[in-house]
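Here the protein sequences come in this chain order: A and B.
Following UniProt numbering, the numbering of the first sequence begins with 1 at its first residue and continues without gaps.
Following UniProt numbering, the numbering of the second sequence begins with 1 at its first residue and continues without gaps.
Honestly, the hints are just simulated from the structure, not real lab data.
Since we're looking at a predicted model, the values are computed, not measured.
Just so you know, not all the hints are guaranteed correct.
No distinction is drawn between identical chains; accordingly, a pair holds when it is met within one copy or between any pair of copies.
Said to hold, decoys possible - Here are the simulated DSS-like cross-link-like pairs (lysine-lysine), alpha carbons at most 27 Å apart as the crow flies:
1) 170 x 332
2) 170 x 14
3) 332 x 14
4) 231 x 332
5) 170 x 93
6) 339 x 14
7) 93 x 14
8) 332 x 144
9) 93 x 332
10) 339 x 93
11) 231 x 339
12) 231 x 335
13) 170 x 335
2 protein chains.
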Amino acid sequence: MTHEAGIPLGIRFKLLSDTPQDSAAQVVSDVVIGDYRDLDTLREFAQGCDVITFDHEHVPTEHLRALEADGIPVRPGPDALQHAQDKGVMRAKLDAIGVPCPRHRIVADPADVAAFAAEGLPEGAEDDGFPVILKTVRGGYDGKGVWVVRSVEDAAEPFRAGVPVLAEEKVDFVRELAANVVRSPHGQAVAYPVVESQQVNGVCDTVIAPAPDLDEALALRAEEMALRIAKELDVVGHLAVELFQTRDGRILVNELAMRPHNSGHWTQDGAITSQFANHVRAVLDLPLGDPRPRAPWTVMVNVLGGDYPDMYSAYLHCMARDPRLKIHMYGKDVKPGRKVGHVNTYGDDLDDALDRARHAAGYLRGTITE
Amino acid sequence: MTHEAGIPLGIRFKLLSDTPQDSAAQVVSDVVIGDYRDLDTLREFAQGCDVITFDHEHVPTEHLRALEADGIPVRPGPDALQHAQDKGVMRAKLDAIGVPCPRHRIVADPADVAAFAAEGLPEGAEDDGFPVILKTVRGGYDGKGVWVVRSVEDAAEPFRAGVPVLAEEKVDFVRELAANVVRSPHGQAVAYPVVESQQVNGVCDTVIAPAPDLDEALALRAEEMALRIAKELDVVGHLAVELFQTRDGRILVNELAMRPHNSGHWTQDGAITSQFANHVRAVLDLPLGDPRPRAPWTVMVNVLGGDYPDMYSAYLHCMARDPRLKIHMYGKDVKPGRKVGHVNTYGDDLDDALDRARHAAGYLRGTITE
């Protein structure tokens, strides 16, 4: 999708990909197959690149520092990126700059988890403070590496990987929001409207832009918070700040992503400039494009793999039913539950846009058959 | 741009390209370098393709028939495509189906041109009937292969190529319009709003969508005419019908193009479904997308090469000046006068959109420096 956004600007990509089957490798003309964890591979790949950017955050920080030492601009840079790679580093930094987060600390073992749970209790409570959220500080995504722990006995599992474990309070939230911003090396930044993000089984299902019935002051606070995080962490490119809107009216930071993000896919059809185009522009230190929406409502629904491997045959029905539907498929093999694409709808009527997007995503998956 | 539109649908292209420098060859991953005039090259290339389509009309008709005989679907097919390849065939067909064209006939030599000129005169006129338009029936584009001939002495040049020459009256038009339609093999068709196309030195400069102050009945007639041509000629994919709006209120067909066309580039940012996406959908016999505009006005201005080979440095100024500007560059080497890209603007105010698009195109070319 970033390549797609680069084409009209005449920006050409060289892609380092794990396999020729990767989504991007199917559509980019200059592809090197190799392992991003191997420094020699990265160094050879980087030859002749004007700048390096990412569609995931897993390239080891020390390798990125080596590339920078070789004189290759890396955007976002390792100093910023470590906050999206390590949840412990991220929480410490957000604490330091005064950004509200769920109560949290690194925990050593199940007994320490029980202590953390009890620390959150009001004096004299009879409760044990559970449930608690445990996360490995590295390597998680889409609900992987995250556990909802209901007792000290449940708390053993997350420690088995040997990775530091972060404990967080289970936030009493009314919904999840996301604030997407883009920042360029010379410090220009733009903010997309704050969206509502609905999860199913820990995986993003639906995004509504803008977030319905969101208090204007709260929306502004979320945008300002995201812009401040981008600045304080020296992010270059797209930053997605996933947020909890709590029952008592606060917003707390859940996660950070430093790349075009699922919560910004709606911008492809719903904003004047998409998150992908603005990420490319930021990484190249070009002036950023207008992030404002083009329609009153835009809805994105993820398409998950179902039981039928061939989604193409569902195009006929989906396209005939809704000529305004925008389909974005990733060319991935269909496996049950795997994100293989998304659909966008937009218009003046939110319910209509939601219905159309949910129907198309369900039909493509095979859970709706008419 | 067709590849760009195919990416979100998961449609993968294999490209036959003259050189690795061609615009499409820079961005498509599966490229074969070869000559489209060579049947063996075409046959080998076509192996494994589900369907073949084009970004120009110059593949020899007999080669396309050979591919069809091999069982490869060719869309648009050779029977349709010959009308976009040969202006003599096109005029004969449009006459046969009663579509209004400028007065025309194939001419044999300069004396015959003079006779053609005189045939158009009212009885007793003292005029000689010149100027007359001469066109080689094949191979012309962007004003090449077209002559405005003012006397019998001027008329020798077009015959030198040894290609049949078509004479046409010089139409007294108030402006040029274009009607863009897309048709699929099962006969579904959609019509984009009729646009105004402004030429400079025989090259398309500006397209305004929809055509300003166009009488609604005339617009409808133009759309119906384009849909009827698509049907009668059995066009599959995008059909652009270039039209003259005459001083006396008629519309006459100037040229046909059977592929995504310059007069439809505005649809990338201005329509719900772009001409490129709809061309892909038509060629694959998928239901077509909604062709309606997303904004009251969309303006496209072509970017021509200027004296400076590096247009990228102009991005800074253009993007900073107008964050809503949509730039589409083709990755071509800049040569003076060569079409190397286009810009789109849209909004509620036509004058504003025109100003912004013209400024950006001029700045990129180097004719505007502030």
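- Which hints, by number, does the structure contradict? 1, 2, 4, 7, 9, 10, 11, 12, 13
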